[in-house]
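> The chain contents come next:
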Amino acid sequence: MKRVLRLLAAVLVVGAIAFWAATGADRGWTKTRVPKKVVDEVTGLVGIQWQHKFVPGVDFLGAALLGAGVLAGVSIFVPAKPK
Amino acid sequence: MITKLTVLALVALSGVALAAPQTFDFKDPKGINNAGFKLDAPLEAINGSASGISGTVTFDPENPGATKGKIIVATASLIVPNPMQNKHMLSDKWLDAAKFPEISFESKEFKNVQTTGDTTTADATGTFTLKGVSKELTVPVKLNYLRDKLGDRVPNQKGDLLVIRASFSIKRNDFNIMPGQYEDKVSNTIELTLSIAGASPK
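Chains W and P, in that order, are what the protein sequence lines are.
The first sequence stops at residue 92 when you use the numbering used here, and every number in between is there.
The second sequence stops at residue 1120 when you use the numbering used here, and every number in between is there.
Okay, chain W solo, but in the shape it has when bound:
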């Protein structure tokens, strides 16, 4: 159980960092919408269209690290399997 919790914590950290990096390593807050600029050819105006897209930010990374920390912390108090 101790080993499983520590493994889960490691997977969570590595997985979250990999996901964060793969989606652009955004150093802002997590976004669920991103703006897309659209130019109106007649007026020359630039419009904003919001597209649904999940972009994890540093809060996502922080939450994942916190979760991993909790798992690792709990693992300390789990008694080791008797040999």
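The set of hints was computed from the structure by calculation and includes no laboratory data.
Keep in mind that the hints are not guaranteed to be accurate.
Cβ pair distances, simulated, as ranges [said to hold, decoys possible]: (1) W:Glu50 to P:Asp1010: 36 to 46 Å; (2) P:Pro960 to W:Leu74: 35 to 45 Å; (3) P:Gly1050 to W:Lys62: 31 to 41 Å; (4) W:Ala34 to P:Thr1037: 35 to 45 Å; (5) W:Val79 to P:Gln1099: 23 to 33 Å; (6) W:Trp59 to P:Ala1016: 18 to 28 Å; (7) W:Gly82 to P:Pro947: 53 to 63 Å; (8) W:Gly78 to P:Thr1037: 25 to 35 Å; (9) W:Gly53 to P:Asp958: 51 to 61 Å; (10) W:Gly71 to P:Asn965: 15 to 25 Å; (11) W:Ala31 to P:Pro960: 23 to 33 Å; (12) W:Gly53 to P:Thr976: 16 to 26 Å.
Quick look at which bits of chain W chain P covers, simulated, 3 or more residues with Cβ under 8 Å [to be verified]: (13) 22–30; (14) 71–83.
Derived pair list, reagent style SDA-like, types lysine to any residue, alpha-carbon separation capped at 20 Å [as the list claims (entries may be wrong)]: (15) W:Lys62 to P:Pro1001; (16) P:Lys956 to W:Val43; (17) P:Lys988 to P:Phe944.
Since this is a predicted model, take the numbers as computed values, not measurements.
We put the CB at the ideal spot given by N, CA and C, even for glycine.
Since the structure of chain W is provided, determine the placement of chain P on it from the hints.
Chain P only, in chain W's frame:
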């Protein structure tokens, strides 16, 4: 003689008709019209936009300085990328979109009017209303009158377009938006931009 007078009268009348002020409706069927806003914040500036724009402006191509009108932004149409920030922004603590569903600017007077061709720049003085608080503001505006261009934008319609661009800033403290609070997290200054086109069908 009568025929000549009739022709003269018709020419004069058509001249009057051409010079008459036109009313432009700013409800945009293409959804391009938008109001942008930006607030500085420690981790990342809060950038958002609003698309729920309506209102009318009366514009006379022969006398752009006489332009008057009111532009309204639906508070609920304000969007920022982060869902929690979006929820907080529209809540009763910040903009209270349920109680104050509209943000508006009513222009009453144009000053420092400069017109070159179909482009006019001016300082528009009027009443800006946000969260139920109305204040007089002077906003630099740029107007582009696009004669007979409505058909290019909206098929099967004839008419003119009026493009308005404006950039200005306000203080959230002035409009009772969490006055004096969280200024270390969200700046007091809100930078606003307006990019809108109105239609005057013929």
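> Quick check: which numbered hints come out false for this structure?
Hints 2, 8, 9, 13, 14 contradicted; others consistent.
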